[in-house]
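Residue numbers (the working numbering), protein chains in the order written: chain P, 44 to 340; chain Y, 44 to 340; chain B, 44 to 340; chain H, 44 to 340.
Mixed in with the good hints, there may be bad ones.
You can't tell identical chains apart in this list, so a pair holds if it fits in one copy or across any two.
[As the list claims (entries may be wrong)] Straight-line C-alpha distance at most 20 Å; calculated SDA-like pairs for lysine to any residue:
| # | residue 1 | residue 2 |
| --- | --- | --- |
| 1 | K73 | E56 |
| 2 | K317 | D119 |
| 3 | K317 | R140 |
| 4 | K317 | E139 |
| 5 | K167 | N215 |
| 6 | K167 | D211 |
| 7 | K317 | G179 |
Derived by calculation from the structure, the hints in this document are not laboratory data.
For clarity, every value in this text was computed on a predicted model and none was experimentally measured.
Below are the chains, spelled out letter by letter.
Number of protein chains: 4
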Amino acid sequence: MDVDQVLLEVVGEGEVASYIPALARVPADKFGIAVQTVEGDSFRAGDAEERFSIQSISKVFSLMLAMRIVTDSLWDRVGREPSGNAFNSLVQLEFERGIPRNPFINAGAIVVIDALISVLNEAKICFLEYARGLSGNESINFNDEVARSESETGYINFALANFLKAHDNIDNDLDVVLDTYFHHCSLDMSCVDLARAFLPLANNGFSTILGDAVLTRQQSRQVNSLMLTWGLYDAVGRFAYRVGLPAKSGVGGGIIAIVPNEMTIAVWGPGLDKTGNSAMGTRALEMFAQMTQRSIF
Amino acid sequence: MDVDQVLLEVVGEGEVASYIPALARVPADKFGIAVQTVEGDSFRAGDAEERFSIQSISKVFSLMLAMRIVTDSLWDRVGREPSGNAFNSLVQLEFERGIPRNPFINAGAIVVIDALISVLNEAKICFLEYARGLSGNESINFNDEVARSESETGYINFALANFLKAHDNIDNDLDVVLDTYFHHCSLDMSCVDLARAFLPLANNGFSTILGDAVLTRQQSRQVNSLMLTWGLYDAVGRFAYRVGLPAKSGVGGGIIAIVPNEMTIAVWGPGLDKTGNSAMGTRALEMFAQMTQRSIF
Amino acid sequence: MDVDQVLLEVVGEGEVASYIPALARVPADKFGIAVQTVEGDSFRAGDAEERFSIQSISKVFSLMLAMRIVTDSLWDRVGREPSGNAFNSLVQLEFERGIPRNPFINAGAIVVIDALISVLNEAKICFLEYARGLSGNESINFNDEVARSESETGYINFALANFLKAHDNIDNDLDVVLDTYFHHCSLDMSCVDLARAFLPLANNGFSTILGDAVLTRQQSRQVNSLMLTWGLYDAVGRFAYRVGLPAKSGVGGGIIAIVPNEMTIAVWGPGLDKTGNSAMGTRALEMFAQMTQRSIF
Amino acid sequence: MDVDQVLLEVVGEGEVASYIPALARVPADKFGIAVQTVEGDSFRAGDAEERFSIQSISKVFSLMLAMRIVTDSLWDRVGREPSGNAFNSLVQLEFERGIPRNPFINAGAIVVIDALISVLNEAKICFLEYARGLSGNESINFNDEVARSESETGYINFALANFLKAHDNIDNDLDVVLDTYFHHCSLDMSCVDLARAFLPLANNGFSTILGDAVLTRQQSRQVNSLMLTWGLYDAVGRFAYRVGLPAKSGVGGGIIAIVPNEMTIAVWGPGLDKTGNSAMGTRALEMFAQMTQRSIF
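The following block holds chain P by itself, in its conformation from the complex:
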């Protein structure tokens, strides 16, 4: 598997997210890739060990944790269907009376976090410990500057949360819920951290790092199915068409992809295409899938 070749062919492109300073100042030409196999092999190249803001990738951790500790009622509060792009966010939420279509749109992730807060004493801390445990890296942490910036400019998220509350789909204090949400999204991790932390999704729920199952086999497949049907926003169909692997992206430029029963691939390139996904990361995964002939289809 020649990850260096992928690295060579992927050139800088796309626009770095600029809505908060901490993201805007990341150099556009950064690129890292890390692969972790279920047999324990790992590969890395480029800036694979540099930490970046994982942003929406954190929504997968939140969901994994919630599927473990929240009762099944979670799916009464959030759907499992993809969401047409022109209809995302507030519009869809209004038509569907406060039930977000899936746990990876912002409104859905906010509901998942509210559910976590209802059963955990210190949801933020528990989440951080969970991510540290999964990646086997006790030094990963929230980025307070990022969380603060998000909080100061995240009017759409405040609007979403208030709207969910108006539809009785938030149980806890709105400020606590949003503070937790912004912190989850602010987590700084490297490609290597991500590739290791998500290995259970390629391993039927078993974490080799923790030596224990963090999800059942079925739950692991379910998370993968949700990533495939709504992991890359409005590029999800094209990504499934071209790459054919469950994946989740974040606005910080990271993407984690799963090859079930084999490996995880984490890529990072801060330049985003117009669908909000890492331009280099998407191309790298496409090349990787073609070179290795990996696809779930």
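Place chains Y, B and H on chain P using the hints.
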């Protein structure tokens, strides 16, 4: 693999489609299942050899044929993204200015058929020959009564086609396009026919019946990815979550599912759940997936 | 009342409708204005006697006729509410399950005409006679070239009509309904004709030309209220704000405005602003209202 | 003018607003009516002197004040068009990128209040003084319990305000803007107060109480036009059709109607119909218009 056990546990449920007489008079307690493996084994149970109206399942045949004979420009005229449910049909089409979100919603299938008509002299005949060839059954045929009924009551499809034309996304005569569309949907096939005809999608594009590739390996995967992200209307997320296999349903009660590299499973039960998918068929596939632990995730 | 002054200050502007040849070849610098008072005085200037395609202005005639001869059930099939602009046409119709929001959007006018056809033997002829009678001009007529062009390119209207039919809101043959609709819209009349024909709406329903009431006082007011709340598409609010008179425009560049109890004003300028209303006509009415201090508010 | 007769024929009906305690405990059988003419005559009947929560009627005061003291740029931040019903609130706001369609929907009123805050030191106090001055009643006041309840449960309004802020259409602190908004809506006034306060809108902008013009003649007409096209939510078309007078309603059960150049009519009945307007009030105004043959059309 005990397909009879599946049969025993699935009881009659759901509502038979009643918008045209030919569908309405099908007994609700019919149920058939057929499995075809890439090694050449086959299993069948119940009404597996009885023909029924495949309806929207025909959209996969249309697409497969179009991917083979229409240039890449097909994807300029139709998208590859899932479609939120409350927003399907005309609404979405208007917001997106006449570009259907994917080839499996009605508007998308109409565009695919228009593209076929532009390159084929006798699109209806070619399509029929294509389906006959894939299933190795020269006796399958259109159901003229069904096609006529659809044509007489299909005002929504006429509305969609006119709207597409208004946006310059139909090249041929509307009546010809719709007549072809209604005939494709009227195809009568059995579970056994379907399981055989779709085997190339489980076999990297190779048809053992024809002894030839009908799609490239990549195209085969692409069709599977499109089925996974929009094959079961607004139940696509839940189906991916519970069953985890690419599949396509029709309002006649049929569902075809693909286990890549292994087999196809065709089920038929005319009673539909509220998402418009076969209630018995969905349950049967769920049981099958659980019993055999098959899933692409 | 110095209608010539209005004429002098209104300069050519806007874009002539170009979707059909007969409209596209009208010179953009045409401008006419005609005023008719309930006392019998009349004023005219510019191209006031030249006939043009009245297009959507015909919807008011259709409605007036329907209010006279169709039972109250008309309002079960079409609403009386304004329609937000981004949501017009098919989108709104789908959300509201086939009940057009008002009789002046295309879908609403199609329903009104369907209702007329149900009670009249020869709806087209009756309509023509009605318009001739109201204007006291036996020579006005349909423009067959315009009707044919509309019919050949009016895919959106065909889509709307099919959609209405799918929702059981059309009783007659679709082709007959649309042919009638296209003919109504194709009526050629001059400003003078229009100012005379609409005088009953300024005269509590009484036609001085016919020497008879064509509407009750209440019906006359009701038609005016519908014009005020949806006569000028998405410019209705601004027009009410600036001009303050019930009015109806057509894509041919005509606008008819009503000063209740006093007079009618018909203007014509083929150049349209981006809301689809005559640019010169709107400005002329604005100047007229300011100069004469007429407003219903 | 026999306002007592109106009173006798209007019976209790509709549902009292129950989303906050202060509104829920108002007896459903209250009913008052007050008429004030430009000549100085006044009539009153029933509970015409009892104060109630004027709620959205306050939006007219906010707008009148803003038209006086805010520059024309107000109309760059808020539209003047009616809003289709199924598409109000967040949905419409999202499609139109943060520009509310008119100053009487909640989002529009919040923008108007933000504009007032930008030019006034103490917007709440100025507004209260303005309402007191217009009605000639120094004792009218905000209802702090109502304002507090709205603030505690008004998640939709918080969502709207955050969404407006996300689109840069709020300049001031969100909490200050919403606190001001909730206070404006909490104003307690009687029918007599309202009939007197709104007299300038029937009097070309001149307040006989203040002995001064509070609006120009044109501005007065403009406010009336806005009331006619969006004063009664989704009943605006039917109300214009049946009553034919500019009017504004509030969820507290009040409605103020204007007969230009003649009089104002204020009615109050707490029971609301399904469009959110006073059921008794609407019927009373309909009877009044019929009996007196008043209509702007």
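Checked hints:
no., hint, in the structure
1, K73 with E56, "within (10 Å within a copy, 53 Å between copies)"
2, K317 with D119, "between (32 Å within a copy, 17 Å between copies)"
3, K317 with R140, "between (29 Å within a copy, 18 Å between copies)"
4, K317 with E139, "between (27 Å within a copy, 16 Å between copies)"
5, K167 with N215, "within (14 Å within a copy, 31 Å between copies)"
6, K167 with D211, "neither (23 Å within a copy, 31 Å between copies)"
7, K317 with G179, "neither (34 Å within a copy, 45 Å between copies)"
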